[in-house]
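Chains as they are written, first to last, in my numbering: chain A, 1 to 264; chain B, 1 to 70; chain C, 1 to 375.
Just so you know, nobody snuck in bad clues.
Here are some chain A residues pointing at chain B (derived, C-beta under 10 Å): (1) Pro3; (2) Cys19; (3) Asn21; (4) Ile23; (5) His26; (6) Glu30; (7) Tyr172; (8) Arg175; (9) Ala212; (10) Val216.
In silico DSBU-like pairs for lysine-lysine, Cα to Cα no more than 30 Å straight-line: (11) Lys220/A - Lys29/B; (12) Lys17/B - Lys208/A; (13) Lys240/A - Lys28/B; (14) Lys182/A - Lys17/B; (15) Lys29/B - Lys209/A; (16) Lys17/B - Lys220/A; (17) Lys240/A - Lys29/B; (18) Lys253/C - Lys187/C; (19) Lys208/A - Lys28/B.
It should be emphasised that the hints constitute simulated quantities derived from the structure, not laboratory data. Using N, Cα and C, we set each Cβ at its ideal position, and we do this for glycine too.
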Amino acid sequence: MRPDFLRSERLPNIWCPGCGNGIVLHALLEAIDQLQLDPDKVVLVSGIGCSSRAPAYTAFDNVHTLHGRAIPVATGIKLANPDLTVIVVTGDGDGSAIGGNHLIHAARRDVDITVVVFNNYNYGMTGGQASPLTPSTSITTTTPNGNLDRPFDLVKLAAGAGATYAARSGIYFTRHLIDHLKKAITHDGFSLVDAVAQCPTYFGRFNKKGSAGQMVTSQKDWMVLKSVAEKRTPEELVGKIIIGEFVNIERRTPASAGAPKEQA
Amino acid sequence: MPEKKTFKITHNRNWCKNCGICVAVCPKKVYEIDRNDRHAIINPQDCIGCQMCVEHCPDFALTVEEVKNE
Amino acid sequence: MSEMRVLMQGNEAVAEGAIAAGVRFYAGYPITPSSEIAEIMAKRMPQVGGTFMQMEDEIASIMAIVGASMAGKKVLTATSGPGFSLMQEGLGYACMVEAPIVILDSMRYGPSTGMATKVSQMDLMQTRWGTHGDHWVIVLSPASVEESYQLTMRAVNLAEKYRNPVIVLSDETISHLREPIDTSIPKAVVDRRLPTEKAGYLPYKTDETLVPTIANVGTGFRTSFTGLVHGESGFQTANGHVAEALVERLRDKLFNNLDDIIQFETDRVEDADILFMSFGITARGVSEAVESLRSHGRKAGSLRFVTLFPFDDDRVRKAAGNARTIVVPELNSGQLVLLVKRVFGDSRKVVPMNKINGDLISPQEILSFIREENL
Numbered sequence: 001m002r003p004d005f006l007r008s009e010r011l012p013n014i015w016c017p018g019c020g021n022g023i024v025l026h027a028l029l030e031a032i033d034q035l036q037l038d039p040d041k042v043v044l045v046s047g048i049g050c051s052s053r054a055p056a057y058t059a060f061d062n063v064h065t066l067h068g069r070a071i072p073v074a075t076g077i078k079l080a081n082p083d084l085t086v087i088v089v090t091g092d093g094d095g096s097a098i099g100g101n102h103l104i105h106a107a108r109r110d111v112d113i114t115v116v117v118f119n120n121y122n123y124g125m126t127g128g129q130a131s132p133l134t135p136s137t138s139i140t141t142t143t144p145n146g147n148l149d150r151p152f153d154l155v156k157l158a159a160g161a162g163a164t165y166a167a168r169s170g171i172y173f174t175r176h177l178i179d180h181l182k183k184a185i186t187h188d189g190f191s192l193v194d195a196v197a198q199c200p201t202y203f204g205r206f207n208k209k210g211s212a213g214q215m216v217t218s219q220k221d222w223m224v225l226k227s228v229a230e231k232r233t234p235e236e237l238v239g240k241i242i243i244g245e246f247v248n249i250e251r252r253t254p255a256s257a258g259a260p261k262e263q264a
Numbered sequence: 001m002p003e004k005k006t007f008k009i010t011h012n013r014n015w016c017k018n019c020g021i022c023v024a025v026c027p028k029k030v031y032e033i034d035r036n037d038r039h040a041i042i043n044p045q046d047c048i049g050c051q052m053c054v055e056h057c058p059d060f061a062l063t064v065e066e067v068k069n070e
Numbered sequence: 001m002s003e004m005r006v007l008m009q010g011n012e013a014v015a016e017g018a019i020a021a022g023v024r025f026y027a028g029y030p031i032t033p034s035s036e037i038a039e040i041m042a043k044r045m046p047q048v049g050g051t052f053m054q055m056e057d058e059i060a061s062i063m064a065i066v067g068a069s070m071a072g073k074k075v076l077t078a079t080s081g082p083g084f085s086l087m088q089e090g091l092g093y094a095c096m097v098e099a100p101i102v103i104l105d106s107m108r109y110g111p112s113t114g115m116a117t118k119v120s121q122m123d124l125m126q127t128r129w130g131t132h133g134d135h136w137v138i139v140l141s142p143a144s145v146e147e148s149y150q151l152t153m154r155a156v157n158l159a160e161k162y163r164n165p166v167i168v169l170s171d172e173t174i175s176h177l178r179e180p181i182d183t184s185i186p187k188a189v190v191d192r193r194l195p196t197e198k199a200g201y202l203p204y205k206t207d208e209t210l211v212p213t214i215a216n217v218g219t220g221f222r223t224s225f226t227g228l229v230h231g232e233s234g235f236q237t238a239n240g241h242v243a244e245a246l247v248e249r250l251r252d253k254l255f256n257n258l259d260d261i262i263q264f265e266t267d268r269v270e271d272a273d274i275l276f277m278s279f280g281i282t283a284r285g286v287s288e289a290v291e292s293l294r295s296h297g298r299k300a301g302s303l304r305f306v307t308l309f310p311f312d313d314d315r316v317r318k319a320a321g322n323a324r325t326i327v328v329p330e331l332n333s334g335q336l337v338l339l340v341k342r343v344f345g346d347s348r349k350v351v352p353m354n355k356i357n358g359d360l361i362s363p364q365e366i367l368s369f370i371r372e373e374n375l
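Please put together the full structure from these sequences, using the hints given.
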């Protein structure tokens, strides 16, 4: 990673010790470096939350917007200047709860932006409340008796909404994460990467997930590569999270999208 | 047999939050969190330059570079 | 330049005025009575090399124009009360990051869904105080189709000049009115100032104008934008002194330029003993009522707020002449009158005249009101 991609004068970052956000940010900067993108033409756009602070540590144009609103701002920037590489940095709450409507519509439009979800299964900034990605039965400050709701599968949600690229990775698998970020960024059309990270301060502590280090290395135990998962039975995959590329299709034009003739 | 490569580990004390992730991911036990809950490099000679600690450091506090002996 | 009279609808005049001012990005969501603006822009933007986006809601609409504005486009969105409510958080964000944007709010009857096809002037205070926190916006109020064209142009220019949101506060009647307008009006176009030197670039550093020269994204200046309190660098801070200086500057960049921003239209104020203060469509009824009162020997006058905000008490006081009685007709339960009362206290008789049934105030109603109230 190019050190000049970081604004060193802004560091150390505000995140708690052992927070996964820095690992995802590191991977994102590495991906941008490996793709040799012109740093003057990269814009990072974020909402509100722990992860949304990430862009301000980078040396690119960066836009810290309102809670949930990174995607429409990114859409405006991209359409105003299609030469730019526009990357949204969002969290599970920011991106899938308050910003969920924008997420599905950006996917439906297939607008050529990349959404990187720093998914730590809870709202960290406000003290560890449940998000739409918090697993069922998990303890958070707003689910003290265990989460009664079911979480979104963000990759399936994006795919269902029309995303032409959707992948999931975990912060333990940094090379895997970097690879999929690179594919997402270079993808022509809407792309989403669900980057599973850890919040040791809240989600980890409430759910007895151990230290930050244990939370990172344990991804080896509960994440399964998609290629491996395809050879497993459903029983063998209970409690596992599958990582890999779930959608990677050609960008659709109105004609290629298969719209019925009377609508075309 | 090729000569064993050596690596220079740079640790930025000002950015490090002593979280211990490097300790958990290092395959060679190069690091520890010491009795004062502080990050410490205890076995630098064992480093194999895999970059696991660098890539997993949430605080950008580590770099590992090969030392070229010429 | 020869006069070019064209018959236009109010909403069309807004769209064409925006295009004439250089607007090349429109994002919006359909809502009565502003929907025609989106429809016209959907057709017109591609014709002028611009971009039209129909967004998923008004929140996305305002955020998309903020994004496009940051990338250097002149931008517009149009809405009505319910949609304007949804835009409030984004409006505050645009104030804070100092993104030039223009919002057209065509007022319909509220609260809530109200009466979608009926006129009101019930959003006046919302334009000024709709978003949270201390902030300042410019609000312009057209009273005709032609003025819808002119003021939309002016709104775009003011937004660019002061890097501030500008709201064009129209209403259902003007939006849907068809009148001939002169489109040959001189089209002075103002562009935002941009930085020239990358070395030492501080996006929110200002000169005596107090208006920052922020680079457009993607031009190599690597700007940091945030709705958090920020210093000259653009980066977040919790320093109270920086916060105070920022909020003061957001006010002063407009209040130091009130001569440029504030416009009133006055009619026979000098010798008036009864003065009407109004804005927008209501001023047209007032205009006829003043004629009628004058023809009957009554010294009536009118002050119409073309610029509603910033609202400067001193300027209003000076523009108001010596009329002992000030009548404030408006299509709400009394919003403008609060400001007028603030200006004059007990020094004049300030009389509210309110109509809240979804219809306009006619000249005859004003005359009857004057008679009945013994004014």
